[in-house]
Amino acid sequence: MQDRKLDGIVLRTQGLGKQVSSPEGQLTILDDVDLEIRAGESVALVGPSGAGKTTLLALLAGLDQPSRGQVWLCGEDLTTLDEDGRARLRGRRVGFVFQSFHLVPSLTALENVMLPLELAGRADAAVRAREVLDAVGLTSRLSHYPKQLSGGEKQRVAIARAFVTRPEVLFADEPTGNLDTASGERVADLLFGLNRQARTTLVLVTHERDLARRCDRVIEIVAGRLVT
Amino acid sequence: MKTLAWALRSLARDLRAGELTVLVAAVVVAVTAITAVGFFTDRVARAIRQQASAVLAADLVIRSPEPVARVFLDEAHALGLRTAEAIAFPSVVLAGDEASSLATIEGVGAGYPLRGEIRVSTQMFGTTTVADGVPARGEAWAEPGLLGQLGVDVGAAVQVGTRTLVITRVLEYQPDQNPGFANLAPSLLVNIDDVAEMDVIRPGSRVTFRQLYAGEEAALAGFRARVGPRLGSEAAFRDQKDAGEQINAAIDRAQGFLTLASLVTVVLAAVATAMAARLYALRHLDTVALMKSMGATQVFIERSSLAQLIAIVLGTSLAGSVLGYAAQGVLARLSVGLLQIELPPSTVTPAWLGVLTSTTVVIGFALPHLWALKRTPPLRVLRHDLPPPALATGVTYAIALGALFGMIYAIVRDLKLVGVVVGGLLALACLAGLAGFGLVRLAARFRGVAGVAWRYGIANISRRGGESVIQIVGFGLGLMVLLLLTVVRTDLLAAWQRTIPPDAPNYFLINIDPPSWPALRKFIEGELGGRPSALPFIRGRLIAIGGIPVQDLAITDPQGLSFIRREQNITWTAELPASNAVRAGTWWGAGHRGEPQVSLEEGVARGLGVSVGDTLTFNVGGEEFTAPVTSIRHVQWDSFAPNFYLMLSPGLAEELPQTYIASFYVAPEKRRLLNSLVRQFPGVTVFDLEAILAQVRMIVDRASAAVQYVFLFTLLAGVMVLLAAVQVTRDERRFESAILRALGADRRTILQGVAAEFTTLGALAGALAAFGATAIGLVLAERVFDLEFRISPWLWPAGLLFGSALVGLTGTLATRKAVNESPVVTLREA
Ligand SMILES: Nc1ncnc2c1ncn2[C@@H]1O[C@H](COP(=O)(O)OP(=O)(O)OP(=O)(O)O)[C@@H](O)[C@H]1O
Ligand SMILES: [Mg+2]
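Chains as they are written, first to last, in this note's numbering: chain A, 1 to 228; chain B, 229 to 1058.
Do not rely on the hints blindly, as some may be mistaken.
Some chain A residues near chain B, calculated using beta-carbon distances under 7 Å [said to hold, decoys possible]:
1) Trp72
2) Arg90
3) Gly121
4) Ala123
Please keep in mind that the hints were generated in silico from the structure rather than gathered at the bench. Just so you know, these numbers come straight off a predicted model, no measurement behind them. All C-beta atoms in this analysis are idealised placements derived from N, C-alpha and C, irrespective of residue type, glycine included.
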């Protein structure tokens, strides 16, 4: 297997499939997905509800295991790694932004952003986190708890948290789904700004045409299959 | 290092956010309770043991048939101990020309008694006062029995050997008596310096030399260790443990009650901790999933959980021990007036109990839940509905309970007590779980019956399912302990106090000549108003077990040794006396005749290594006979009825020369008439048990008072369980009520629904708790404390009412804040 990073491909799948067992028997929710995403690229995964977008995102990030096929993330075959191996890889290379923010309620904004750095054992966590919170325009909100922040502010904290480790790939599942247009706009600006500045690969799932249109590439999924 | 730093930092954050409040509070309560009870019990137990010292006249006594080396006294002084000497021997006492009687001459030196007091009066059966010192030289204090036999009163001169003494006091009570009435003759107390001048001690005389010691426990232990090996084969130590079976039985029970209190506290705190940890784990599933998505490995989560728990153990041990120490100080100060005894200062030993408790509770009951967290699938960050990993399973709980059981056993060392309590709580928990499932099922069908609030509340019970079951178990356990502590506790203590009825025999008569018994009996029933019960007895020595002479047997047990060294009182009876219970073998039937059989007291049987089926050979007045042991008895020593180590089946022994022993109660106002009894039946020896009776009554009363205080902590632990149980559904409730209010329901309706739900849970838990409290109370009384227990008729209604009211109220109050909170705040929370 040649080194994928050399030709600038950070994510690649081959024959990727996911089946789950349900009361009605085996259910194929993702079938034979082949794709390649280059470093620094921004990609939108779109498709109707229930099409398998979140499922694909989870497989790409190594949060879940495929039933069939392979995924390479930053040159490593995820299917050969165990859960801890995938976690370590995520810790080094991956950031997440979620639709429902997932801030830890008992931590302040600053502490939430420090979290991944602390987990990585970085001594400069507080300094770095403050810088990134500055960058997303939340300098005055450092010691606020999630419940004291608006949805847009929470998502900006989440973006700061995702970027603070300077990941190579950032996954976002409907990052603007819970936000009004203006806040969503601001969040999108941030995401694409950072994508450009840090050459971070952006993989986002969205229902919003405007957001999808700002991406370099749009991949459409219908009923678990890529539409080409 | 990185893991540790992270673990401590995130622990601090969780503490700050209140995520760990209930868990930490539960563990701190457990540690506080166990150390406070430990510190306090330690002090009370030692204070009670000092009471036993009062009976012994010292903390430690060396007894020997030979003079005891005087260097021991000097060594004791060097260690800061107080000492006194005493000599006892039988001798004839002469009064005038014709009156004479056998007496036990007790020569006592300055300082005697070191503990307790001698009580005297200036005339026969007059008012008693505490003696000031010992008899002066040339003076003697005589027991009423001796005065009766000699036919003299205070002021008379008596002669012992070549020495003439003037009787200046009636000796009403003297400590250091052997309540087993080994010395049959009444006492004459004299100054030890007069003994030599009597010139009656010859080689071969039956003399007991005693050295008495009192002082600090550590000094006593040191002294004992140094002197022990040089004592010689004839001399022996006696300490509080030898103070007499009655006192020991009372002390044992007192300690049992106190231990029970701490035991229940620990179990409850463990339950509260498990519930709190489970809640904590559930609340942290998302955080762990998030951490995993950020690169945290299972090992990392595992280690950091462990580090956090260790930090919690250390913190709670420290905080709990300090609080426990402070609490026992308050407890001691509170109880001084009530206990009327001065408590010795506490030792630090109980502090390690705190660490042990915290470790067992946290590692056993919190760790399994947190351990399971590492298995949280990281996919949960994207799919919130993903099922959480199974938290603690039955297996982990079984292990935790095993650890808890082990720890409690290590402290209590009473398998039966631990078994009853842990088993009882466990059984109730299972029962509550089953009943909970039943209720959840039933509630599902119950919809649409009552009003909106009830419908909503009861529907909630079935909807919450597992959560409701957990709550019922928690409420059931909490309430059961509250009931045990309110209703059953008083019943148990009352039963304990009833073991010594107001008319417990306070006088024993021995040396009753069988032909004179009918007349004596008439006298006791007529003049004294007593209802005497009499048993025949003989004195004999055990000479062989299974045909092997006792001196050839390797008996090392002190009780066994002292048993074979002395003549024993042996009785025979067809019926098993009420204060005895057969523990092994069978009691001979009422109509048994024929080959003789022996029944042995369990302590002696253990000491001798004898079991049912072994044969014993006795020498009674020169005649030997052999009989098989057919039963082993438990004797309730504090019953104050005449009790015997050895009992024979009727038949054989009746042929032997025998006397009767009788016991009866004499009211204080009739005590003076004993004087004429002694004069009318001069051969009879009167034993006054009032003093021992009073001593035991005092121990029972004071220990009951101490137990009341100690149970306060158990109460607190019970409240912690209730609190933890209420918390189980708190988050859900907040969210639900926010949604319901957002949908237009008013606060009152929601609160009524909550109240209905908790009241129903409380009623069921209360009924279960009443059942459990009754069962545990019954088993405790009959199996552990040997008491006759009457079930309070209030238990069931109290359980139901108390349960529904308490749980309904606390549950509603605890949820009120959540319901009152603006729904916006709740729904906005991350
Ligand atoms: N563990 C599972 N068990 C059963 N069905 C599942 C499971 N996970 C996903 N599915 C099903 O697979 C399909 C794809 O789900 P997925 O969440 O990937 O869709 P999506 O494209 O993200 O939809 P949406 O736009 O609504 O978020 C859905 O029908 C979903 O119900
Ligand atoms: Mg989705």
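Against the structure, the hints come out as follows:
1. Trp72: This interface hint is violated because 18 Å lies over the 7 Å limit.
2. Arg90: holds, 5 Å
3. Gly121: holds, 4 Å
4. Ala123: Violated. Min distance 9 Å.
The structure shown violates the earlier hints numbered 1 and 4.
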